[in-house]
Amino acid sequence: MQEEDLIERIHTDDPRAFKDLFDSNVTLVHNVCFRMLGDRQDAEDVTQEVFFEAYKSLKRFRFESKLSTWLYRIAVNRSLNHQRKRKLERWLSLDFEASEDRAQNMAFHGTAADAPDSMVEKKDTERIVQEAIGKLPKRQRTALLLHRYDDLPYQEIAKIMDVTVASVESLLHRAKQTLAKNLFSLKKEL
Amino acid sequence: MTHTEIQQQLLLYLDSELPDKDMHQIREHLSTCADCAQRRDELASVWQSESRLEKVKPSLFLWTRLQARIKEYEQTPAFVWDLKKILQAIPAHPLPAVGVIAAIVVGIYIGTPRESQKYGHRQPANRSSAAVDELGLDQFDVIPPGALGTTLVKISNTRK
Numbered sequence: 000m001q002e003e004d005l006i007e008r009i010h011t012d013d014p015r016a017f018k019d020l021f022d023s024n025v026t027l028v029h030n031v032c033f034r035m036l037g038d039r040q041d042a043e044d045v046t047q048e049v050f051f052e053a054y055k056s057l058k059r060f061r062f063e064s065k066l067s068t069w070l071y072r073i074a075v076n077r078s079l080n081h082q083r084k085r086k087l088e089r090w091l092s093l094d095f096e097a098s099e100d101r102a103q104n105m106a107f108h109g110t111a112a113d114a115p116d117s118m119v120e121k122k123d124t125e126r127i128v129q130e131a132i133g134k135l136p137k138r139q140r141t142a143l144l145l146h147r148y149d150d151l152p153y154q155e156i157a158k159i160m161d162v163t164v165a166s167v168e169s170l171l172h173r174a175k176q177t178l179a180k181n182l183f184s185l186k187k188e189l
Numbered sequence: 000m001t002h003t004e005i006q007q008q009l010l011l012y013l014d015s016e017l018p019d020k021d022m023h024q025i026r027e028h029l030s031t032c033a034d035c036a037q038r039r040d041e042l043a044s045v046w047q048s049e050s051r052l053e054k055v056k057p058s059l060f061l062w063t064r065l066q067a068r069i070k071e072y073e074q075t076p077a078f079v080w081d082l083k084k085i086l087q088a089i090p091a092h093p094l095p096a097v098g099v100i101a102a103i104v105v106g107i108y109i110g111t112p113r114e115s116q117k118y119g120h121r122q123p124a125n126r127s128s129a130a131v132d133e134l135g136l137d138q139f140d141v142i143p144p145g146a147l148g149t150t151l152v153k154i155s156n157t158r159k
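Protein sequence lines correspond, in order, to chains A and B.
Note that numbering that gives the first Met the number 0 has the first sequence beginning at 0, numbered continuously upward.
Note that numbering that gives the first Met the number 0 has the second sequence beginning at 0, numbered continuously upward.
Hints listed in this document are in silico derivations from the structure and should not be mistaken for laboratory results.
Accuracy of the hints is not assured; some may be wrong.
As the list claims (entries may be wrong) - Listed next, with one range per pair, are the computed distances between beta-carbon atoms:
no.	chain 1	residue 1	chain 2	residue 2	range
1	A	Leu185	B	Val79	45 to 51 Å
2	A	Ser64	B	Ala102	48 to 54 Å
3	B	Phe78	A	Val164	40 to 46 Å
4	B	Asp19	A	Ser23	39 to 45 Å
5	A	Glu52	B	Phe60	18 to 24 Å
6	A	Asn80	B	Ser58	20 to 26 Å
7	B	Ala96	A	His10	44 to 50 Å
8	A	His10	B	Ile85	26 to 32 Å
9	B	Ala102	A	Glu3	20 to 26 Å
Said to hold, decoys possible - The list that follows gives simulated cross-link-like pairs (lysine-lysine, DSSO-like), each with its CA atoms no further than 27 Å apart:
no.	chain 1	residue 1	chain 2	residue 2
10	B	Lys83	A	Lys86
11	A	Lys55	B	Lys56
12	A	Lys18	A	Lys55
13	B	Lys84	A	Lys84
14	A	Lys65	B	Lys56
15	A	Lys134	B	Lys54
16	B	Lys56	A	Lys158
17	A	Lys18	B	Lys54
18	A	Lys18	A	Lys86
19	B	Lys20	A	Lys158
20	B	Lys70	B	Lys83
21	A	Lys65	A	Lys134
22	A	Lys55	A	Lys84
23	A	Lys134	A	Lys18
24	B	Lys54	A	Lys84
25	A	Lys180	A	Lys137
26	A	Lys86	A	Lys134
27	B	Lys56	A	Lys84
28	B	Lys84	A	Lys86
29	A	Lys18	B	Lys84
30	B	Lys70	A	Lys84
31	A	Lys137	B	Lys56
32	A	Lys134	A	Lys158
33	A	Lys18	B	Lys83
34	A	Lys55	B	Lys83
35	A	Lys134	B	Lys56
36	B	Lys70	B	Lys56
37	A	Lys86	B	Lys56
38	B	Lys20	A	Lys58
39	A	Lys65	B	Lys54
40	B	Lys84	A	Lys180
Ideal Cβ placement from N, Cα and C applies to all residues, glycine included.
Chain A on its own, in the form it takes in the complex (with noise of 0.2 Å):
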């Protein structure tokens, strides 16, 4: 389906319109959720933020960008203000024993006790990746997600991030130099 199409049939008050839209995108707005606060519940609670969101503007949706890439946008700047509140609550409630970062202690597609020797061998893999990228900074770690994860071009990273695409590039080249020595460090522990 068109996107131009779908959003025509909104502005037009189709009730199934945005049912659509939803149908066709959710999974990309949860994984994207998922990746950057690796907490499933918590990556429901901001998917639904993100359409809600999308909801109350998309009637001001001008078509300067694709469709998808202004959700990613809600949802990378959701996450983040989630992660902000998030600290700010483990603060105030004095809970500094919690994880300081659940981007950091990923849970990769549940629990490894419910899968096969073969993929609990990959999960490890996959949530040794998780960990060593959840300890970029916060711009990196946007960034590197975004390309590794949904291979997004730099054009439509740097759209995403209001950044441009030299800043995306920079952003990438010290994530993946800065994540090499992560890794190596990480699997030493193992």
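We have chain A already, so just place chain B on it with the hints.
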């Protein structure tokens, strides 16, 4: 390039994101350095794993929850909705934070010297002013010799 520099560039090398000259230099180095080559293989196994392509499925109830929220939004007047948003921004467990802030305020209050402690060294001057008042003098008048001492003693005795 040193071993450390090579190892730092390995992810960029694996993704072929380095200039040709650097790619060539690293390739040459890896063909002769067993340690760096082993690190390249380790990184490649982790970094190029296919599991990154797997997607997490959201809950089936997500649409139902969203629908309910949209319905509530549509039926709520704008100002009530804004008020709810403000209330939601207040943290769920503010008590410990309020406790810490109260402790800081009390600490600052206790730690701040009182007026009398702060200007303790000026007490004689204050007593002199009291003596000047007692004598009914203007602050610029010349104090009669002996009068100030006598009055000060008098005031001290009265305060005791």
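Cross-check of the supplied hints:
For Leu185(A) and Val79(B), the Cβ-Cβ distance of about 49 Å falls inside the hinted range of 45 to 51 Å, so the restraint holds. At roughly 49 Å, the beta-carbon separation of Ser64(A) and Ala102(B) lies within the given 48 to 54 Å, and the hint holds. Distance hint check: the CB atoms of Phe78(B) and Val164(A) are about 42 Å apart, consistent with the given range 40 to 46 Å. The hinted range of 39 to 45 Å is satisfied by Asp19(B) and Ser23(A), whose Cβ atoms lie roughly 41 Å apart.
As the Cβ distance of Glu52(A) to Phe60(B) is approximately 19 Å, the hint placing it in 18 to 24 Å holds. Checked against the hint of 20 to 26 Å, the C-beta distance between Asn80(A) and Ser58(B) comes to roughly 21 Å, which is consistent with it. Separated by about 45 Å at the C-beta atoms, Ala96(B) and His10(A) satisfy the suggested range of 44 to 50 Å. Taking 26 to 32 Å as the suggested C-beta distance range, the pair His10(A) and Ile85(B) conforms, at roughly 31 Å.
Separation of Ala102(B) from Glu3(A) is about 59 Å and departs from the stated range, judged on CB atoms against 20 to 26 Å. The hinted pair formed by Lys83(B) and Lys86(A) meets the criterion: a straight-line CA distance of about 22 Å does not exceed 27 Å. For the proposed pair Lys55(A) and Lys56(B), the alpha carbon gap of about 24 Å is at most 27 Å, so the pair holds. Simply put, Lys18(A) and Lys55(A) have alpha-carbon atoms about 14 Å apart, close enough for the 27 Å limit, and the pair holds.
Between Lys84(B) and Lys84(A) the alpha-carbon distance is near 14 Å, which keeps this suggested pair within the 27 Å criterion. Among the hinted pairs, Lys65(A) with Lys56(B) is consistent with the structure: their alpha-carbon atoms are about 23 Å apart, no more than 27 Å. At roughly 22 Å between alpha-carbon atoms, Lys134(A) and Lys54(B) fall within 27 Å of each other, so this suggested pair holds. Restraint check for Lys56(B) and Lys158(A): satisfied, since their Cα atoms lie roughly 26 Å apart, inside the 27 Å limit.
Proposed proximity of Lys18(A) and Lys54(B) is supported: the alpha carbons are some 21 Å apart, at most 27 Å. Distance hint between Lys18(A) and Lys86(A) is unfulfilled; the C-alpha atoms sit about 33 Å from each other, more than 27 Å. With a C-alpha separation of about 31 Å, the suggested pair Lys20(B) and Lys158(A) falls outside the 27 Å cut-off, and the hint is violated. Distance hint between Lys70(B) and Lys83(B) is fulfilled; the C-alpha atoms sit about 15 Å from each other, no more than 27 Å.
Taking the CA atoms of Lys65(A) and Lys134(A), the gap is about 30 Å. The hint is violated against a cut of 27 Å. Distance check on the hinted pair: Lys55(A) and Lys84(A) sit about 22 Å apart at the alpha-carbon level, within 27 Å; holds. Note on Lys134(A) and Lys18(A): the hinted pairing is violated, with a Cα-Cα distance of about 36 Å set against a maximum of 27 Å. At most 27 Å may separate the alpha-carbon atoms for a hinted pair to count; Lys54(B) and Lys84(A) meet this at roughly 26 Å.
The suggested pairing of Lys180(A) with Lys137(A) holds, with an alpha-carbon distance near 17 Å, which does not exceed 27 Å. A distance of roughly 15 Å separates the Cα atoms of Lys86(A) and Lys134(A); the hinted pair therefore holds under the 27 Å criterion. For the proposed pair Lys56(B) and Lys84(A), the alpha carbon gap of about 25 Å is at most 27 Å, so the pair holds. Only pairs whose Cα atoms come within 27 Å are accepted, and Lys84(B) paired with Lys86(A) is accepted, the gap being roughly 19 Å.
Restraint check for Lys18(A) and Lys84(B): the C-alpha separation of about 25 Å stays at or below 27 Å, so the hint holds. For the given pair, Lys70(B) sits about 26 Å from Lys84(A) by alpha-carbon distance, which is consistent with the 27 Å threshold. For the proposed pair Lys137(A) and Lys56(B), the alpha carbon gap of about 25 Å is at most 27 Å, so the pair holds. Using a Cα cut-off of 27 Å, the hinted pair Lys134(A) and Lys158(A) holds, with the two alpha carbons roughly 24 Å apart.
Taken as a hint, the Lys18(A) and Lys83(B) pair is honoured in the structure, with Cα atoms around 26 Å apart against an allowance of 27 Å. The straight-line distance between the Cα atoms of Lys55(A) and Lys83(B) is roughly 16 Å, inside the 27 Å bound, and the hint therefore holds. Between the alpha carbons of Lys134(A) and Lys56(B) the distance comes to roughly 25 Å, so the proposed pair stays at or under 27 Å and holds. Between Lys70(B) and Lys56(B) the CA atoms are separated by roughly 25 Å; this keeps the pair inside 27 Å, and the hint holds.
With a C-alpha separation of about 26 Å, the suggested pairing of Lys86(A) with Lys56(B) holds against the 27 Å cut-off. The straight-line distance between the Cα atoms of Lys20(B) and Lys58(A) is roughly 51 Å, outside the 27 Å bound, and the hint therefore fails. The hinted pair formed by Lys65(A) and Lys54(B) meets the criterion: a straight-line CA distance of about 22 Å does not exceed 27 Å. Our distance criterion of 27 Å between C-alpha atoms is broken by Lys84(B) and Lys180(A), whose separation comes to about 42 Å.
Against the hints set out earlier in the document, violations occur for numbers 9, 18, 19, 21, 23, 38, 40.
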